[in-house]
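Visitor: Sequence:
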Amino acid sequence: MAPLLLYWDFYSSYLKCSLNLVLARLYTPQNPPQRDLTGQTAIVTGSNSGIGLCIAIRLARQGATVYLACRNQAKGDEAVAHIRSQLGSSGKTANIFCWTLDVSDMDSVRTFCSRWRTQGTPIDMLVHNAGIPDVTGSQRRYDEKGLDIIYVTNLLGSFLMTSLLEPLLSPSSRTVFTSSVSSYLARDTVLLPRPPRPDHAKSNVVARLWHRTRAALGLRDSAALVYGQTKAHQILLATLLQNHLDASYPDNKRTVHAFSPGFTQSPLFKKYDMSWRTLLYDPAFSFLYYTETVVATDTDEGAKTGAWLAACGGEDGVQRGKYWECMESEMTVVEYWREKLGEDKFKEVARRIWKVWEEDAGCEWDIKF
105 MAPLLLYWDF YSSYLKCSLN LVLARLYTPQ NPPQRDLTGQ TAIVTGSNSG
155 IGLCIAIRLA RQGATVYLAC RNQAKGDEAV AHIRSQLGSS GKTANIFCWT
205 LDVSDMDSVR TFCSRWRTQG TPIDMLVHNA GIPDVTGSQR RYDEKGLDII
255 YVTNLLGSFL MTSLLEPLLS PSSRTVFTSS VSSYLARDTV LLPRPPRPDH
305 AKSNVVARLW HRTRAALGLR DSAALVYGQT KAHQILLATL LQNHLDASYP
355 DNKRTVHAFS PGFTQSPLFK KYDMSWRTLL YDPAFSFLYY TETVVATDTD
405 EGAKTGAWLA ACGGEDGVQR GKYWECMESE MTVVEYWREK LGEDKFKEVA
455 RRIWKVWEED AGCEWDIKF
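So for the sequence shown, the working numbering puts the first residue at 105; every next one is plus one.
Incorrect hints may have been included.
To be verified - In the SDA-like style, the derived pairs of lysine to any residue whose C-alpha atoms are separated by at most 25 Å in a straight line are:
no. : residue 1 : residue 2
1   : Lys459    : Trp441
2   : Lys120    : Ala328
3   : Lys179    : Thr403
4   : Lys357    : Phe473
Everything labelled a hint here was simulated from the structure, so no lab data went into it.
All chains, please: the whole structure from these sequences, using the hints.
Guide: Okay, structure coming up:
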């Protein structure tokens, strides 16, 4: 692709998705097709509230057996009861269950997957929705290995879980990652295997002075760029996993997708304490926090694309391994670099990133690019 056309495609998608954040309420509501999912099984992580819960409800309404994978069992059980109450008038049989899963804990991921392998049920829909935009005030930013908790939660847990459950993906399975328009912020970092940890000691004089001033004011580093990189890495993972499935299975019908729900009303914001400090170190998050009630779309509207991909992502006309917003595929930072580097160089870089993910997740997953 010619450089000018490449830049045009990338930045036009970036602009379109950015405008969706503030204009989505003005759009005609999405009307995804419905499909009979009777006899099919779905796992939805992070599904006791928000986008994940709405996706679970939509899949259950179409007849799927749905497993909520939630960190808090009590809240998950409440979500199960809520879904069953929502289906009461539809005539559908509510086969809804909740299993404990903390995607920020690799041992929890292994326990969940071991339990699933023992059960042996084929997986038709695997929806990786669990994630965080930042750590809360009481959370540590880095784990015992020195890895960023946002990176561990948003990417590594899903990476390990998919590797362990790949043998149980049904021949027509749909794997879906809840990404974000923030992925466009990672144009310069998506080819780094993990979020760079700030090393203020090696910064220039002005940067060190600014860091000390921020520290004196009690301001921490913004998580926006780290969050954006993890969301871009979800798209990269979807792309590479689709390549692997296509190369590994003859006449492959397994599909992988990533999508953005846009700016939706979410209980997520209630987990974070807002103060004048937040306004200074993360103005973008502060904007979303304070405009949620007047700008954000209904949560179910944001979930429609994800539920559609989970239900219908393998049908003709739905491109594989793509990133979607409002049921339309968009160019991503991953495609930008794939075009810019060329296929051979892109695969070389992707293999290096993949090896780091394997190391950080504590697994071996030999895939075909």
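Visitor: Evaluate each hint against the coordinates.
Guide: Status of the hints after comparison with the structure:
1. Our distance criterion of 25 Å between C-alpha atoms is met by Lys459 and Trp441, whose separation comes to about 19 Å.
2. Only pairs whose Cα atoms come within 25 Å are accepted, and Lys120 paired with Ala328 is accepted, the gap being roughly 20 Å.
3. Between the alpha carbons of Lys179 and Thr403 the distance comes to roughly 18 Å, so the proposed pair stays at or under 25 Å and holds.
4. About 17 Å separates the Cα atoms of Lys357 and Phe473, which keeps this hinted pair within 25 Å; it holds.
Checked against the numbered hints above, the structure breaks none of them.
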